[in-house]
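Novice: Residue-level listing of the chains:
There are 2 protein chains.
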Amino acid sequence: MVGLIAMSEKAPKFELLFNPGSLALIGASANPYKWGAIILSHIINGGFKGKIYPVNPREKEIQGLTAYPSVAALPEVPDLAVVVIPPSSVPAVLEDCGRKGIKAGVIVTAGFAEVGADGEKLEQEMVRIARREGMILVGPNCFGIISTACKLFSIMPPLFSLPGPFGIISQSGNVASSIASKLISKDLGISKLISSGNEADLHCEDYLEYLAGDKDTKIILSYIEGFRDGRRFLEVAKRVTPIKPIVMLKAGYTAAGARAAKSHTAALAGSDVVFASACKQAGIIRVRDMDELFNVGTALLCLPLPRGKRVAILTAGGGWGVLGADACASAGLNVARLSEETMAELNAILPSWWSHGNPVDMVAGVFQEDVMKTVEVLLRCTTVDSLMLLNLVPALPQNIVFGANKSSLSGEAVRTLDDALSEVLARLAALVNKHHKPIILAWEFGFELIDARLREVAYQKGIPCYPLPDHATAVLSSLARYAEYRANLNPASSPQA
Amino acid sequence: MVGLIAMSEKAPKFELLFNPGSLALIGASANPYKWGAIILSHIINGGFKGKIYPVNPREKEIQGLTAYPSVAALPEVPDLAVVVIPPSSVPAVLEDCGRKGIKAGVIVTAGFAEVGADGEKLEQEMVRIARREGMILVGPNCFGIISTACKLFSIMPPLFSLPGPFGIISQSGNVASSIASKLISKDLGISKLISSGNEADLHCEDYLEYLAGDKDTKIILSYIEGFRDGRRFLEVAKRVTPIKPIVMLKAGYTAAGARAAKSHTAALAGSDVVFASACKQAGIIRVRDMDELFNVGTALLCLPLPRGKRVAILTAGGGWGVLGADACASAGLNVARLSEETMAELNAILPSWWSHGNPVDMVAGVFQEDVMKTVEVLLRCTTVDSLMLLNLVPALPQNIVFGANKSSLSGEAVRTLDDALSEVLARLAALVNKHHKPIILAWEFGFELIDARLREVAYQKGIPCYPLPDHATAVLSSLARYAEYRANLNPASSPQA
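Those protein sequences? They're chains L and X, same order as listed.
The first sequence begins at 1 in our numbering and counts up one residue at a time.
The second sequence begins at 1 in our numbering and counts up one residue at a time.
Chain L extracted, bound-state conformation (with noise of 0.2 Å):
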């Protein structure tokens, strides 16, 4: 631990854009395709308990709230602003926000900087009203927030997440619905969601610099095409890690892509090379992909972190075994050399032509208690750190495993599948905390919807379950990096080479 997060200025307003006591949403629509009235019926149908003001001069009424014709015309100065309106009205309207005492606001209109000179022009102008009167802004061209605590939604895509350990920051908002959409699906909850856009006056420093001080975040969870400030992000994230992972996936890292940052949110997607050396000084966990950062997000969540690289391998197959190795080398881990003790324990489990060496091939004849012995002799090992499981199969019940096609999906036969998979990944589970070293589960039946229902069941129960090898590897380096990275701040607690 390094200390706590030092607030900046910004803090106390950070305040009213998270936890507003009451909210104008200017640009609120009574025609139900349009933004304004999306975003005011998520608010509604959010729960958010503050008071809400819908701003349009051309209604009465909307959704059932009394409408306002102008900022100036609300009864109250409320604490934020959520903006919905075209552009070229933007900064007439924060002119008026100013005027009121308004303090937060999220420009979600798009058409700014990232549309070219005009808009640039128009963005500058933008920040600068907003300054001069003291206000924040998130956006423009974005989504809008999501802050579980006070139940607010105001956003653009139906995303209602049950709190939770997740902090989310994304400059795009497609992004982050898909990030959400991929919690929300697995019960797995958010603490504040930040569709961040052109991030022309908030960068995404500053609400990583909130969510390190932010209780409710445990994780969190971005996706970057460029920064503003390299140095300040290079900074404040080098204070967070410590405390919070960041898991981070940068995009427009080819040219190609870079040139469609640009386009995009006006993002300068920077050197990749730079970036990278930014990742490794700050602590930062880089993935590749969306998969893969869902995947580093949630392990984070339900395993220990491993104490060194050491893998060891347990397979039913000897192709996903080597399989399994390549994807261990591949990712920067090494595969465990096993102890002379845990090889003479294997000896006692398994049958004689077992592989006699990691990966551990069981091939045919190893089932359900000779499966969870064998999990537990190579936990114990001690030149083990984690343990990549390549087939659930021999774990579980043999009838099972022999019914499991396409017909076998209905009623009866999901229930004794789920039953069996529970049991199984219930008492992994125990192992994983009796040992505290992660085990991950790499392995599918190759019908959708049973390993749609298996990798369903391995969250509920804390076992991350990917399709390949290749995914559990990147988790676990993932994993492994950020423990060293960690450990060597505190060297007291050092893991093993």
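Among these hints, one or two may not hold up.
Which copy? The list can't say, so a pair holds if one copy fits it or any two copies do.
Said to hold, decoys possible - Dumping the calculated DSBU-like pairs for lysine-lysine here, alpha-carbon to alpha-carbon at most 35 Å: (1) Lys-373 - Lys-262; (2) Lys-121 - Lys-373; (3) Lys-218 - Lys-373; (4) Lys-434 - Lys-13; (5) Lys-13 - Lys-51.
These aren't lab readings, by the way, just hints derived from the structure by calculation.
Chain X: place on chain L using the hints.
Specialist: For chain X alone, coordinates are given in the frame of chain L:
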């Protein structure tokens, strides 16, 4: 087309292997948990039309069939012997087979070269006997073979595939099983499946040569750990790829993987640089993992080959567009520069705030018919070879989109979703056929069960659907490189730059 594959002298014996009129299962068992019982039940339940002779000295009848005490006692000379007995007994049984006049064998038994020097010696003895007796052998240390043309399922896992275009060669039985399961789950058929194991006698290049001439096989999927005769493999592959694509996953590409391969199938993984060069020379489509093997194989089945590497990216979210552009560049593809005509046509369809370039970001406000028009304009563009579609939501009726959450999974909602998806995907497939350019969908709703439906429907309609742009570009890149290889063999139809 480079002419038909010249058949080796082994060709007639391959007919005994894959179209036997009768077979002996040596080591058939009455104990339902033994491999000799499981394989027998699969041969029977698979509907094999020829005669089946279980051989077991201790039984009179097994699974309703008369059992014979020895090979010598069989009432006729079976075309094929499938051997599932302990390794030390295999040489003697092969002597019996030779004396009887059997010319083809599948040695399922493990415990040969993969377990060390003694096993290596036993394996050499086995091969010596087989060659002396003029027999060809599959295995040892394998799961068996499938030949759907004669309903032969002499295989360990219950893989009752329909007949179809995929020929599978796998040095790992478990990997063969994983590939087959995925195909079966999509109602995609298999011609032949060979779990080739240690390849003591027949090598992967022999199977390759056979499948090249097999009229039922259109696409060859292969998992390889190492080559026994790299030179001959290369020479055969060069003759096969102008006729049929070979998609290959080569394991053991790291030192750790190569060590695991040695103990799995006694394979020498060899230099990865040499293998990469061989793939390039021979037009083999090399893939990185099991998902890609499946994705490329199925895409070859349903999509036309792109004429070049220029990809149009259609998105309804800028972030996904940036990730799509990165994925293109990373996979060696080009983000297409759209023609002036195409830009003008897009300006007429899309709202003024569209991205005005590729990736084509429709942003918000483009729905159903206009999405389809946009797709067609992009496919018509002379500088576009393929289309990657990153969000299906705008193409769907609006009531579907916002109902897509967990609680909408039951009955009516699933049917509504299926109908909407079916209609849109069928229209996309019609556009692929009309313009002879591939479309790949890279997208997911984020909800396991809904996404499982999406992928099912997409496969049924012939439009591949993957979760991430990276998956789509890996496939498009593989297809483009294969098209280029074939065009270079036949310069009349050379692909564009």
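Novice: Up to 35 Å between alpha-carbons, please classify Lys-218 paired with Lys-373: within, between, both or neither.
Specialist: within (34 Å within a copy, 45 Å between copies)
Novice: How do Lys-373 and Lys-262 come out at 35 Å by Cα distance, when the copy is not named: within, between, both, or neither?
Specialist: Classified as between: cross-chain Cα gap 26 Å, same-chain 54 Å, threshold 35 Å.
Novice: Could you figure out if Lys-13 and Lys-51 sit no more than 35 Å apart (CA to CA) within one copy, between two copies, both or neither?
Specialist: This pair counts as within: shortest intra-copy Cα distance 18 Å, inter-copy 83 Å.
Novice: What label fits Lys-121 with Lys-373 when the C-alpha limit is 35 Å: within, between, both, or neither?
Specialist: Classified as between; 34 Å across copies, 67 Å inside a copy.
Novice: Could you figure out if Lys-434 and Lys-13 sit no more than 35 Å apart (CA to CA) within one copy, between two copies, both or neither?
Specialist: neither (44 Å within a copy, 57 Å between copies)
Hint violations for this structure: number 4 only, all remaining hints satisfied.
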